[in-house]
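Chains as they are written, first to last, in this note's numbering: chain A, -4 to 454; chain B, 7 to 254.
Derived by calculation from the structure, the hints in this document are not laboratory data. Treat the hints with care, since some could be wrong.
Pairwise CB distance ranges (calculated) [unchecked claim]:
id: 1; chain 1: A; residue 1: L264; chain 2: B; residue 2: V96; range: 40 to 48 Å
id: 2; chain 1: B; residue 1: I57; chain 2: A; residue 2: E289; range: 51 to 59 Å
id: 3; chain 1: B; residue 1: L73; chain 2: A; residue 2: E82; range: 38 to 46 Å
Glycine is no exception: its CB is placed at the ideal position from the N, C-alpha and C atoms.
Residue strings, one per chain:
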Amino acid sequence: MADEEKPRPVIPKGEPFIKTDVISPTFMMQYDACTRCGECDKWCPVLDAKDGDRKYSPMDKISRFRSFMGQSYGLKAKLFGPKKLDEDDIQDFTDAFFHCSTCGVCASVCPAGINTVDMYEATRQQLVMRGNGPYGKTVMFPKLIGEYRNPYMKDQKQRLDWIPDDVEIAEEADVAYFAGCTAGFNQQVLGVATARVLNHLNVPFIYLGEEETCCSSALIRTGQPHKGDIPYINAKHNVEALEARGVKKVMFACAGCYRVATIDWPKLLGRKPNFEVVHVADLLADLIQQGKIEWKKSFDNKIITYHDPCHLGRHCGVYETPRIVLDNLPGLKFVEMDRIKELQRCCGAGGGVKAGIADVALDIASERIRDAQAVNADILSSCCPFCRRNIGDGRDNVYDQIGATDYDLRDNPENKMQVEDMIVLVAELMGLSTKIKSQEEADKAAGVEPEAPKHLIDL
Amino acid sequence: MAEFSYYSGIPTFYMMIGIAMVAILIFLLGMYLNMQKWGGGSASHFLKTFIKSINHEKLGHHKRQSLLSTIILDILLQRRILRRSPFRWVMHMMIFVGWIGMFILSMVFAVFEMLHAINIGHFDLVVIRNSLDFSNEVLGYMLLIGLIIAIARRLVIPDVVKRTQIFDWVLVLGTLFITVTGFMAEGFRPDAITGAWTFLGDNVALAETFALFHVAISLLFCIAYIPYSKYMHMLAAPMVILVNGGGE
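Just chain A, with the same shape it has in the complex (with noise of 0.2 Å):
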């Protein structure tokens, strides 16, 4: 983000240095209702990886922007003109402004109860348009989700290559599976395991395949819904191509896009879509209540804890049906860590920060991984690709420099804490294999006959 790699915006004089068109009023109007009462701070993921640097306290920064705000737009302004702000300073504002997962846990706490979440995000937008965002690499989303219509520069016909042979998907049904593209290319596990878990419940399932793009939720989170107007017309693409199959339900396993779904969706079409949007984990909730799943497998008195994706729970409200199914599940000791739901610990994934500034997000998921040890937490669940593979690199981070004393550790990786989707749990806790196809096939090409998994023992 150094000065020279970016032009500096050519300001007319007698122009605000930022402008606001993309800032809603309602939002504008949070800035001016800060309490600076500080309890924001408390509990920022970023700013305590930072080590409590001020120029991170989100406190601060809706105060920097309210001081740009003042200047460009407060009575002075009016009379003189708006002042002229230093470039230097506005970068060093939005690298700031970038170092934020969005997680909204700052809402949660805050006495004038801010939405910072969509309030930051629209800012970032503004900041973006200005020429100063987004941060690190995450300036490629554009462009990879806009050509490929996935953030892993994949063909759209390799959207059908996970599904295994024994998968049925429905040509019509009530029920569509939206299983995004991490699962449909980069975690296949996780869309495995779903449609695994579909079939063996009877839920009759359809699958856009190809037709699928990206919900672009990692482009509305760093603030470039704008850049191609790509959030947009994927979610039309997406939501008319789900109404058109006359689907009444649309399931996600992935928590960013549900709360795209949930969310976004209702926002950038200006209308709800023809279906509910439903997760994975309240179906499943639902069953187990019924008493109608079945387990044949179980594990051996382990404990687990339960991690809230931040788009799952501070977002869209879903808090107690992933805790239901894990509670449930056979074997296991259902515990929780000190931080949850509302006042849920992020991962350090979200908002671009995994992709931009891996080193923040790697701190923060070691520290949910310490909130899992301090209750002795053998599994530590979740319901999102990206809080899997996050907390997944945490683990090994935290694992790594406990293992430069501990041998046992070192030399037993058995040891180690799991991390792991709820769904993928439930799947081989049904009997299922989550082998992903290409697994499987290479499997078959080497003779190597199908085994159950090792830390489980029948029921």
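Since the structure of chain A is provided, determine the placement of chain B on it from the hints.
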């Protein structure tokens, strides 16, 4: 005017009205500029969006509580602060109740004075003032205690000291100054019951001048200055809570 000076402590009642008008005009100008800033150059656009937002549906599993619950629980009782810190809640409620309470009582008494000035209604201003005295005393002490706690926090608690800026000090010290001058003006005034001049003996002119000073700076700092300072949170925070639906 002598009669009015006895009741409100102001030598010239109309002078107070004049200062109040100036304060209100400065306040309104500031509010207009703020709303214009929020509304991207149009105050009316802000107002329309604000009103529309109060009842907008929440997305996801979050449910919007009733407007009445939001006003009572989140704006008046400030439960979001209570949930985070009972200590800070006590401090803030002391300041909030003290400030708002005295503001309301001052307005009430000003209305009676105005009615009296234009010969509407037959009431005894002495009785009215006496009936408000106890409430004013209690509210004044609440405000003073709240402010002392606020200042002590900003001087003693390391985390709070670290994040305190001049922006915060202006508000808290300014309000303390108003509060202290209020107590002094009250002390200089003739006792409501005995009619005896207190701290200043019978120096009526000085007492009246001080009372005018207190009222003038109160109006300018506590009304006119609101839109240009951290005081703005008094209005913006409840408005934000209304828009975002409150709740714990």
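Supplied distance hint 40 to 48 Å, evaluated on CB atoms of L264 (chain A) and V96 (chain B): Since L264 (chain A) and V96 (chain B) have Cβ atoms about 46 Å apart, the given range 40 to 48 Å holds.
Taking the beta carbons of I57 (chain B) and E289 (chain A), is their distance inside 51 to 59 Å? holds, 54 Å
L73 (chain B) paired with E82 (chain A), Cβ distance criterion 38 to 46 Å: holds, 44 Å
Of the hints listed earlier, there is not a single one the structure fails to meet.
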